[in-house]
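Colleague: Sequence:
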Amino acid sequence: MVPDGLLRDLASRSPAELAALLSARSDAVRPGTASFADLAEGLVSRSGLRRALDELTRPELDAVERAVVLGMPDVPAAALLAGPPWDRLHRLALVHRDDDGLRLVPGLAEALGRYPAGLGRPHAVLAAQAARLRRGATIPGQGPSVPAGAPGYRAPADVAAWPAPVLPVLERFRSWPVGVLPDALRRGDPDADPAARPVDWLLARGALLPVDSRHVELPREVGLALRGGDPWAAGSAEPPAPRPARVPERLRDNAAAAAVEQLLRRIAALRAELRERPLTTLRAGGIGVRELRRLRAALELEPAELARLLGLCELAGLVLLDPDTSEWHPAPAPFEDAERPRQWLHVLRSWRASDVVPSAAGVPLADGSVVGVLTRGTRVPEAAPVRRALLGSHAALAARAPGGHRAEDVLALARWRRPRLARSLDRWGPGLLEEAAELGLLGVDALTAPGLAVAEGRLEDAARDVAQWLPAPVRAVLLQGDLTATAPGYLAPDVARALGQLADAEGHGPAPRHRFTEASLHRALDAGWTAAGILAWLAEHGTGPVPQPLAYLVEETGRGHGRLRITRADWVVTGEEDLLEALARSPELAGRPLRRPAPGVLVVPAGPEGTDRRRPPAARDGGLEELVAAARATGTEPALDAGPPAPPVPEAADPLLLLEVPAPRQPEPAAEDVDDLLARLTGGDAPDDLPDTPGLAETTDHGGARA
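Residues -14 to 692 (the numbering used here) are what the sequence shown spells out, left to right.
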């Protein structure tokens, strides 16, 4: 139940204070919220409190844990709220005013977890639980057991005065109160020799209490005494000092810009490769070593780079798993048609909100295996707050000491700023920093301008900064006599598509290179190009005149193309009479019934179709391979009519709107929803300077709000 004190506290806040609260606790902006009572219920929800606790700094979390364990300080509310950490805890609605004092909001102790600050539960709770466990339990050779711990238990005043042999046992419980003990329900012997049986000595005095048949727990009172009575006194009120390296801005920006261009180029190459040959999955799930090796060779990437690229494309909806074939295909949306800054912004938005961690692939698991590429193991529930913590720490370091900062320094500050995420930061932080560098948020270990904008929630500003790095698309290619075309930079999408139809790509470097061959030109002619149209396109988009060898190749290929044309119907072959006669007498078509419905037309029945891999290729493609081989034996290259057209992709003003992006685990409300709720709560007196995007307010290194 929501206390009246919390409702009065919320109602007394100014519109600006409410706006800051809704921005910091965006999880409380829920559909149907229309009053302070509804808002309070969202603020004290278990998930909302946990998210707020995850965003507290070390001093702020210490203050909350101390209040839960030892009680609120006996100080007037005005004095507590005069400075950190209580001022921000109040702004986040984790405490509220009540009768000139401060109170923790309901549910905050439960949201901290069972063991705040690594301390066990109170002795009274553990003793009652032990009594229930032991009631009726029979210990072999001892008879019925009795509850451990005498009534009126008092915490030890000085643990150091206990017998020396029991102190090493207690030290094992200094950071965590639960330990493994076989036969934990046995009765302790008060007369046990502490040197020979230290555990029995502790069990008999209630310093260890059973929680089940194999585990014991150190009571909170003993844990406090073991740590000197106040485990928070040793906590650092100041963040770790940075040790920056000097990084010139030009070097930083050049490295970040190169990373952005490389990322977008690799995404396009990956989608093109999967369009030609989808990525098949194993029956047990994941991608096999052979498939990954094939893809690495095609894209010229290291294993870790490929794993991160695939994960990034998955979380951005750029590659999709077909449930019918268990194959990964590129999303049909024309992602490459969007402007490159918009492409980058789409990938960034998805990365920032997704629970997929691409760099998690290859991380070892407890059972000895590793996280597979494109598997559920790359999904980390706390990924989004960990990313915010890392970028926020980079921004704090850059504000105090500009330059490059090592990953160790960033992680140390992030652990201080977000201590409840320490384990996740240690496990996933190094990989996420690599992903941030590939996105251009970091350059030579220094935070870039787009990185700072992302850390502050200004994503559109970040996209504008990236747009200044990327050169304009080029529409001309360098044609050479060795039948190659080299682009001096990023090609415009329509030019790149046309060149991809006319020539075969070679490599995936920053300067796209293509080679014209008879096969590539025949492919273009099959798609509807003509020899004259190809030469006109080359003259328009080539720098200088078309090289003579290339012009001859186009003319000769066009002259010999289409003298025979194969159309599926069974197979309908049209062309010159002498060529059709030679085709009909070819050994490849021996024994197949042929029909001549008209001069210049030959109908060849198609063979049985199917996708069974045990059948020969000719049986799977209806005999097309045999027919093409027979046509080539006549000395000509047959033209193949295109098969059924692919389903059209719907047109959209923004191609990115067609992408199916996986929904984030913790979606943030739109800014309009925050504005509407604030207007309902304040009667329409919403302030004009609302934060641009919802998200917890950034703090200074001392826990105070940053203006």
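Calculated directly from the structure, the hints in this document are not laboratory data.
Treat the hints loosely; a few may be bogus.
[To be verified] Simulated restraints, written as ranges between beta carbons of each label pair:
hint, residue 1, residue 2, range
1, L306, P572, 38 to 46 Å
2, M(-14), P141, 36 to 44 Å
3, A282, D197, 49 to 57 Å
4, A524, Q453, 32 to 40 Å
Yeah, the Cβ is synthetic: ideal placement off N, Cα and C, and Gly gets one too.
Colleague: Within 49 to 57 Å: is that where the Cβ-Cβ distance between A282 and D197 falls?
Modeller: For D197 against A282, whose Cβ atoms are near 53 Å apart, the range 49 to 57 Å holds.
Colleague: If you check the beta carbons of L306 and P572, does the distance land in 38 to 46 Å?
Modeller: Holds - the Cβ-Cβ distance for L306 and P572, about 44 Å, lies within 38 to 46 Å.
Colleague: Okay, M(-14) versus P141 on CB: inside 36 to 44 Å?
Modeller: holds, 38 Å
Colleague: State, for the Cβ atoms of A524 and Q453, whether the hinted interval 32 to 40 Å holds or is violated.
Modeller: holds, 34 Å
Figure legend: structure checked against the earlier numbered hints; every hint is met.
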